[in-house]
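**Student:** One letter stands for each residue in the lines below.
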Amino acid sequence: MPNGVAHPPFTRPGRRLDSLFPLDGWGWRGAGVGIAGLVALPVLVVLASLFLPTGPIWSHLAQTVLGTYVANSLFLMLGVGIGTFLMGVGAAWLVTLCRFPGARSFEWALLLPMAMPAYVIAYAYTGLFDFAGPVQEALRALFGWKSRRDYWFPELRSLPGAAAMLSFVLYPYVYMLARAAFLEQSVCALEVSRTLGCTPWRSFRTVALPLARPAIVAGLALALMEALNDFGTVQYFAVDTFTTGIYRTWLGLGQSGAAAQLGAILLLFVLALLLVERVSRGQARFHHATGRYRNLPRYPLRGGKALLAFVACLFPVAVGFLVPGAMLLAWAVETVPGTLDRRFLGLAGNTFILALLAAILAVSVAVLLAYAKRLDRTMITRAAARLASLGYAVPGSVIAVGVLVPFAFLDNALDAFLRRTFGLSSGLILTGTVAAVLFAYLVRFLAVAFQAVETSLGRITPAMEASARTLGATPLRALRRIHLPMMKGSLLTAALLVFVDVTKELPATLMMRPFNFDTLAIRAFELASDERLPDAALPSLAIVLVSIVPTILLSRAIARARPGDEG
Amino acid sequence: MNPADALHHGLVLAAVGHAYGGQKVVAEVSLAVAPGELVCLLGPSGCGKTTTLRIAAGLEHPQEGSVRLGGRVVADAQQRLPPEERHVGFLFQDYALFPHLDVAHNIAFGLAGRPKAEIDQRVRAVLAQVGMEGAEAQYPHTLSGGQQQRVALARALAPNPRLMLLDEPFSGLDSRLRDQVRDQTLHILKTSGVATLMVTHDPEEAMFMADRIALMREGRIVQVGPPEELYFRPADAFVAAFFGEVNRLAGTVQGGKVATALGAFAAPGLAEGAQALVLIRPEAVRLASEEVEGAALARVLAARLLGRASLVHLAVGEPERLHLHARIPGRFLPAEGERLAVRLDPTQVFVFPA
Chain A
0 MPNGVAHPPF TRPGRRLDSL FPLDGWGWRG AGVGIAGLVA LPVLVVLASL
50 FLPTGPIWSH LAQTVLGTYV ANSLFLMLGV GIGTFLMGVG AAWLVTLCRF
100 PGARSFEWAL LLPMAMPAYV IAYAYTGLFD FAGPVQEALR ALFGWKSRRD
150 YWFPELRSLP GAAAMLSFVL YPYVYMLARA AFLEQSVCAL EVSRTLGCTP
200 WRSFRTVALP LARPAIVAGL ALALMEALND FGTVQYFAVD TFTTGIYRTW
250 LGLGQSGAAA QLGAILLLFV LALLLVERVS RGQARFHHAT GRYRNLPRYP
300 LRGGKALLAF VACLFPVAVG FLVPGAMLLA WAVETVPGTL DRRFLGLAGN
350 TFILALLAAI LAVSVAVLLA YAKRLDRTMI TRAAARLASL GYAVPGSVIA
400 VGVLVPFAFL DNALDAFLRR TFGLSSGLIL TGTVAAVLFA YLVRFLAVAF
450 QAVETSLGRI TPAMEASART LGATPLRALR RIHLPMMKGS LLTAALLVFV
500 DVTKELPATL MMRPFNFDTL AIRAFELASD ERLPDAALPS LAIVLVSIVP
550 TILLSRAIAR ARPGDEG
Chain B
0 MNPADALHHG LVLAAVGHAY GGQKVVAEVS LAVAPGELVC LLGPSGCGKT
50 TTLRIAAGLE HPQEGSVRLG GRVVADAQQR LPPEERHVGF LFQDYALFPH
100 LDVAHNIAFG LAGRPKAEID QRVRAVLAQV GMEGAEAQYP HTLSGGQQQR
150 VALARALAPN PRLMLLDEPF SGLDSRLRDQ VRDQTLHILK TSGVATLMVT
200 HDPEEAMFMA DRIALMREGR IVQVGPPEEL YFRPADAFVA AFFGEVNRLA
250 GTVQGGKVAT ALGAFAAPGL AEGAQALVLI RPEAVRLASE EVEGAALARV
300 LAARLLGRAS LVHLAVGEPE RLHLHARIPG RFLPAEGERL AVRLDPTQVF
350 VFPA
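Those protein sequences? They're chains A and B, same order as listed.
Reading the first sequence from the start, the letters are residues 0 to 566 in numbering that gives the first Met the number 0.
Reading the second sequence from the start, the letters are residues 0 to 353 in numbering that gives the first Met the number 0.
One or more of the hints may lead you astray.
So the derived list for chain B, only partly shown, Cβ under 10 Å to chain A, looks like this [claimed, not checked]:
1. Arg53
2. Pro81
3. Glu84
4. Arg85
5. Pro160
6. Glu319
7. Arg320
8. Leu321
Here are a few chain A residues that face chain B, going by a calculated C-beta distance under 10 Å [stated by the list, open to error]:
9. Pro153
10. Arg476
11. Arg480
12. Ile481
13. Pro484
The hints are simulated quantities; they were obtained by calculation from the structure and are not laboratory data.
Glycine included, each C-beta is placed from N, C-alpha and C at the ideal position.
With these hints in hand, go ahead and build the complete structure from the sequences.
**Tutor:** See the structure below:
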């Protein structure tokens, strides 16, 4: 051999554990399919309930409340659709195509309502607009009205009220996607249309809006999915929708089969939206393709028009964030001596631990899934990844039912088995424990983590792992030594997103939490339901403070990629 | 080169075939690389050369044929040895240095499991080998393209691979730097005595680097041999044309010869009456101002100095149907319209069936 170079023998002595995962093959494919199967299980369970024999309770539900659920859900979707479209597209148009004082600040400020869970602003506005609230009191003082019979005031705790609350916190989905779409197309199409002699308004109407349609539709679909997922607002407003129906059928009537069937019908709504979203997304590359944007042909607004634009942008920010935020703050300041106690700290601790565990779990599973998809580029693994990330569309209450039904079955089966063979009772191991809650969070929020992880992983050239592999690293060592360190920032972001979503989550937690295990969201919900709104302010405010972190990060990203800052 | 060397110590690909989703990208590729030998896989983009390289590394698993490395079958229908157990060095087009590790840790990555002192020593040694002494603590993003290339080379060489695989290793460098890095790389590889398989689409680069060239087209090896063999004895028109611009003349075989405006050329092995293609390298065209017995006459259309050579555009024949390029070393710029006698260097004229 030349130079007498001694090569190491082929087989290394003492194979390490990571060699258990062979080359881009069955190990990773198995992991991908396993994760997808596990995550899809609750949805499949719920869908399968459609084929179960329907008992008397179902025909009772069908005769009495099902029509109301369908009608209310449709009305809610219509209201939220119109509301988020007007606010989202309108605001996006104003900040990207017009020049008026404050336009630059509104670009990021318009995202702030995302930090507000709909049920939280529902509490705030209920307090504000109640008969005993400051608004009606001021009106009575102003006009000398004495009682409720002297005047008419819109009832907030109603179906239109719920649609309004949801619209004010969900419009940022539409705003974000519409804004990105306007910016992306601006460079080519808008400037061309301007040079062809179109006025800004006409080029918006004939060029920008049709081009942005897929992005807007995708944004609307996301907002509507969130609206269907909502439980806190509609329950608090006593509006009967599917989510409240599932909750009542499950806990009130103790009918798991009927609850699952309601969930399945709700899922059909969601699937329709999902289809709309997927098709639109296929047409639109709505994500930010680059961080740079050319300066837009902005239309300068002056005088009254500028003021109108300013007010139009301030309105959603004020209603969705500033006013309810101020209301909560005022209540919290007033009640802190009584509410900031050991109990509150316990709630915060519970919430923190739950959210942290869920974030770690979701990010770990997302990393495994994304890496499996990268190593094993077969149809099976790609389909598995796609299936596993459908959970974000499934309402939390549906997931709760879908998790509890099989878990209870397993628990009972295990208990029966132990009783029969050993005369012991295992009790409930899965249901009613934190494990079940965490699993439900994983199902619902895996997609959030997966998307962040996959995007980040996609930015790493495949030559990296090929390099690591030819240098003697197993896939697992390459992941640990190369990919994970390179993705550190994105992993933290992914964990943060899941953390915040779990903090806000209400229906699944409410249905699945262990006995006497409360979180901030649950405590706020209970206090509000007991008409102790001021006391609900502190836990609500805590949720908002946590939620605002990713909103600020997102805002900063948008501010940094601001159009006009070339290079 | 000794074939037995390749069999026992180097790389042997035997009838390797690979397809991506039904599309055949590599077919019946057989090739051996002996230790100390540098073989270039040359071909147009999409000809399957990079896939062949990845199969040798174990990054792809061939559906047909077998791969032997150091005397052992590492891939065939029954088995596949993953890349981490093959002890090959892979140099990527974009170098693929790990951005979060400094130079020393990049190089040490393939040395995992050895004593610390040995690692440090080896890192220093390979850095010296590539002329990058003292760069241990630098991070990849602080290095120039040429330096990154050398660190990547050092990283691939550090674990003493039995085979080096290079995927277009110079394409990321600008042309001036490329010549210099190419020269260094050639000498580093030759002194290390490692068997090397390199992929390139640039025939000049392949001739610069290779002991032997394997020219690929549509997943198959068209011809293997030393550069001068491919250049002077091309197997077909594709090979002849791949190494540079050629003048193409069509004709019919009559009496064992193809008659063209530039005279008749022997067409051995071609049937009587068959269509034939005559390929003439511009370098084969000699021009003279005095009349030459039996030589065709050409009229100068244009003449340009390209640097080391001059390119003369000529019109040949009555009527002037043929456009001919002649490449003359040095400065040769006849006036437009001048008439010149055309002679040809027969070693650079090739006759193939059309």
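**Student:** Decide, hint by hint, whether the structure agrees.
**Tutor:** Tested hints:
| no. | hint | verdict |
| --- | --- | --- |
| 1 | Arg53 | holds, 8 Å |
| 2 | Pro81 | holds, 4 Å |
| 3 | Glu84 | holds, 6 Å |
| 4 | Arg85 | holds, 7 Å |
| 5 | Pro160 | holds, 8 Å |
| 6 | Glu319 | violated, 48 Å |
| 7 | Arg320 | violated, 47 Å |
| 8 | Leu321 | violated, 47 Å |
| 9 | Pro153 | violated, 58 Å |
| 10 | Arg476 | holds, 8 Å |
| 11 | Arg480 | holds, 7 Å |
| 12 | Ile481 | holds, 6 Å |
| 13 | Pro484 | holds, 5 Å |
Violated hints for the displayed structure, listed by number in ascending order: 6, 7, 8 and 9.
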